[in-house]
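Student: Given chain A, put chain B in place with the hints provided.
2 protein chains.
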Amino acid sequence: MRRILIVGAGRSSSALVRYLLEKSGEEQLEVIIADINTENAAKLVGGHPNGKVIELDIFDVESRKKAVAESDIVISMLPARFHLEIARDCIEFGKNLVTASYVSKELKELDSKVKERGLVFMNEVGLDPGIDHMSAMQVIDRIKGSGARMLLFESFTGGLIAPESDDNLWNYKFTWNPRNVVVAGQGGIAKFIQEGKYKYIPYHKLFRRTEFLSIEGYGKFEAYANRDSLNYREVYGLEDALTLFRGTIRRVGFSRAWNIFVQLGMTDDSYVMQGSEDMTYRDFTNSFLTYKPHDSVELKLRHYLKIDQDDVIWDKLLELDLFNDKKKVGLKDATPAQILQKILMDSWSLKKDDKDMIVMYHKFGFEKEGKKRQIESSMVVVGEDQTYTAMAKTVGLPVAMACLQILNGRVHTPGVQLPLKKEMYQDVLTELEKHGVRFVEKEVEYLGYNPYNLGA
Amino acid sequence: MRRILIVGAGRSSSALVRYLLEKSGEEQLEVIIADINTENAAKLVGGHPNGKVIELDIFDVESRKKAVAESDIVISMLPARFHLEIARDCIEFGKNLVTASYVSKELKELDSKVKERGLVFMNEVGLDPGIDHMSAMQVIDRIKGSGARMLLFESFTGGLIAPESDDNLWNYKFTWNPRNVVVAGQGGIAKFIQEGKYKYIPYHKLFRRTEFLSIEGYGKFEAYANRDSLNYREVYGLEDALTLFRGTIRRVGFSRAWNIFVQLGMTDDSYVMQGSEDMTYRDFTNSFLTYKPHDSVELKLRHYLKIDQDDVIWDKLLELDLFNDKKKVGLKDATPAQILQKILMDSWSLKKDDKDMIVMYHKFGFEKEGKKRQIESSMVVVGEDQTYTAMAKTVGLPVAMACLQILNGRVHTPGVQLPLKKEMYQDVLTELEKHGVRFVEKEVEYLGYNPYNLGA
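One line per chain: the protein sequences are A and B, in this order. The opening position of the first sequence corresponds to residue 74 in my numbering, with each subsequent residue numbered one higher. The opening position of the second sequence corresponds to residue 74 in my numbering, with each subsequent residue numbered one higher.
Isolated chain A, as found in the complex (with noise of 0.2 Å):
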């Protein structure tokens, strides 16, 4: 039996372990899952004899090096700024490691003792990041691989609300972390490159700045600029590319109606506003609002922000509850953005059946023998129910996945890494498949921003 160590049991870790746990009777598997909260792990693993649950307090140094040092492999599901010290042990004991994370650059600063050691520690290897990188390096390599020039990449991901479950004017709830959505786009300019442009958009105008995207089957979306297109330049080689951008995909309208709160100041988290906790929802609306006590904070809001009598952006905000004169805030010393995330989480969080939903979208446009085409990638995933989430497969199969091939001997390359190589990628895409996280393609004419090729 080989032993494959998962650190964390959170909410990304139920389909991990049971896909893991299916594999462990033909692949000779035990899963140990360690928490400092063993309850949810308990209930993952539901008894299977091949998984087995223990107490870990990740800050006991002599637990946790007993734990990895007694394992094959592996996985860390804790938040990133945990993965650090797990790493150390990994070293220390030559095991191999797996993550969902971004790579630190405390953690790349282990990379030649990573390699000394012959070690693989596979990171960013979940959805995005994760499924990102792999399924646009297997269809950059090929184009590539055709002779093919690249000229464009554009990638697009969202984790929305399944449309059987989809049932308020924003087309959204919020099926993870919700202040990560409250304060999206915050903290540095989006910046990208267009046919050779560079392109910045500040955080006040981000949301208008969207664009429309469609999916067979599921309809249109629509995106918005993420701050870091530039940093795949390198990492994905694609360095001549006059095209790169990446954004974050909502419903149609979304946008529209979240700029609201941007333009009233809403999102801020930069500072306390005086009495919150006492302060009504029509109170905090009304603190972004010139004083003028002969009129209604309504109306106020609406010329504020130039909003028409026939604009449902307004019933958008009804809906919300955020006139109410009665429902108070009840968060001390709490910031816009804070007191923002409290009231959508009275409209937007879950109901017991709800299901989310994944969706991920590429474009890739290139030149060969002085032709240009364009190739269309999708993927769409929807949530069993809330503990098997769309989110959770998406996250946990690649893991568990990439787990797999590299206890297998499948993975050569050693060193700190993303999984960017066909060794790591091909397989895990193959067996997504399998689990239906699949990529639907069309190749068409390129129509990238400039198809004429105009001066600009």
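Treat the hints as calculated values from the structure; they're not laboratory data. Please note: incorrect hints may appear among the correct ones.
The list makes no distinction among identical chains, and a pair is therefore deemed to hold if it is satisfied within one copy or across any two copies.
Derived lysine to any residue pairs resembling SDA-like cross-links, with alpha carbons at most 20 Å apart [said to hold, decoys possible]:
1) LYS125 to TYR519
2) LYS425 to GLY83
3) LYS379 to HIS277
4) LYS424 to PRO236
5) LYS270 to ARG355
6) LYS270 to HIS367
7) LYS400 to TYR271
8) LYS96 to ALA115
9) LYS405 to ASP356
10) LYS379 to SER328
11) LYS270 to GLU350
12) LYS186 to TRP421
13) LYS178 to SER422
14) LYS401 to SER450
15) LYS272 to SER369
16) LYS379 to ARG282
17) LYS401 to VAL345
18) LYS272 to GLN459
Quick caveat, the model's predicted, so the values are computed rather than measured.
Tutor: Just chain B now, kept in the frame of chain A:
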């Protein structure tokens, strides 16, 4: 002869030096001006028998201590971050100190030592801070002294171009540090209180939330909110006032046009633009707009920010040459704010004979025996030329006058302080009047924000 040591002979020292030299006969003064670069100092002294210039590097501890030790009082006109060493010397040698800068945390910490030695360290005694404190406290003390209760305090200041030199569409030129103008309003929320309601304006809305004000003989102005309105509550003893608002004055229409830069993202100082050095002004503008090679930069901008055909804002942008495709930025690794500053300096730099203008405006609302009244107080000063500017006069004269007050033993309260007490402001304001720095007051009915006491 009593020796006044002035450290720093920058642009704001001209009127200060002239005033003290003019007084040097009757007041028995020797005015020593110390600077690392003696050229400007020598010009200011102009061979006056009671003036003396010494070369001083303030980081040369020995020379600095010697200069302080030999003086009777010290005026520091250095940038605020350099006051601390001088302040410590003043404590060591038992000398009083005068500055026009905000009191830093470090300087404030010297308070008990300053008091122990019975010294006066008078700060914030220039224009803003300075004349604003003194002129406000004079009226507030008078209102409170009459048994009335303060309801409202609003205060506005602006450094502008004089009407006779006002020859561009923005009615604005750089009469002081251009960088401060470009980044004005950034780095924190504008927060104030109106009729007991706290209000918050995010940066991207700041220049659309202006208020108008009129000054007899000078016409209409506008003001956008400062960040710090609530800091003055305790300082001025206005804990119970329902309205506190501070703002920056511009000519009408400036802020609405400035908002175009804010919306585009041109005032952002947080990141470096790719290829800034070789960029044309047109490229710079285009960086903030969508990639649409079929459309002109002009039309893209008009459409993005909804600038109508007949809106004079457009002519303001043209006047700045924002669409010029020949003029190069020529700044390496520059931020948007640095590039914008460069572009504005082409248009907004003072011509040889241009004069500046300082405008200050206060509103005081109060209640006495059930009746509400309001005092409006305004001051306008126009510069003489580019040496004796309105800014240099309104900063330097109160510093000089405060210095003489202290030297003549008329300030009895020791410590690190602001000019908030009658012993300080009374004579300075009277003396300022003789030099053309004069407040015009009128008392009117209380207008406030809610004169009829309607529910908010």
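Student: When no copy is specified for LYS178 and SER422, does a C-alpha distance of 20 Å or less occur within a copy, between copies, both, or neither?
Tutor: neither (35 Å within a copy, 46 Å between copies)
Student: As a check of your reading, is LYS379 near SER328 (CA-CA no more than 20 Å) within one copy, between copies, both or neither?
Tutor: Both: 16 Å inside a copy, 19 Å across copies.
Student: Pop the pair LYS270 and HIS367 into one bin, within, between, both or neither, using alpha-carbon distances up to 20 Å.
Tutor: Between. Shortest inter-copy distance 14 Å satisfies the 20 Å Cα cut-off; intra-copy 49 Å does not.
Student: With 20 Å as the alpha-carbon cut-off, assign the pair LYS125 and TYR519 to within, between, both or neither.
Tutor: neither (52 Å within a copy, 76 Å between copies)
Student: What label fits LYS272 with GLN459 when the C-alpha limit is 20 Å: within, between, both, or neither?
Tutor: For LYS272 and GLN459, neither the intra-copy (39 Å) nor the inter-copy (41 Å) Cα distance is at most 20 Å.
Student: As a check of your reading, is LYS379 near ARG282 (CA-CA no more than 20 Å) within one copy, between copies, both or neither?
Tutor: both (18 Å within a copy, 14 Å between copies)
Student: What label fits LYS424 with PRO236 when the C-alpha limit is 20 Å: within, between, both, or neither?
Tutor: For LYS424 and PRO236, only the intra-copy Cα distance (14 Å) is at most 20 Å; the inter-copy one is 65 Å.
Student: Checking LYS270 and ARG355: alpha-carbon separation at most 20 Å within a copy, between copies, both or neither?
Tutor: Between. Shortest inter-copy distance 13 Å satisfies the 20 Å Cα cut-off; intra-copy 44 Å does not.
Student: One pair to classify: LYS96 and ALA115, alpha carbons no more than 20 Å apart. Within, between, both, or neither?
Tutor: Within. Shortest intra-copy distance 18 Å satisfies the 20 Å Cα cut-off; inter-copy 88 Å does not.
Student: Go through the copies and call it for LYS425 and GLY83: within, between, both or neither, with a Cα cutoff of 20 Å.
Tutor: Only inside one copy: LYS425 and GLY83 sit 18 Å apart there, 70 Å across copies, limit 20 Å.
Student: For LYS379 vs HIS277, is the C-alpha pair at or below 20 Å within one copy, between two copies, both, or neither?
Tutor: Cα proximity of LYS379 and HIS277: in one copy and across copies (16 Å, 16 Å).
Student: Pop the pair LYS401 and VAL345 into one bin, within, between, both or neither, using alpha-carbon distances up to 20 Å.
Tutor: within (16 Å within a copy, 43 Å between copies)
Against the hints set out earlier in the document, violations occur for numbers 1, 12, 13, 14, 18.
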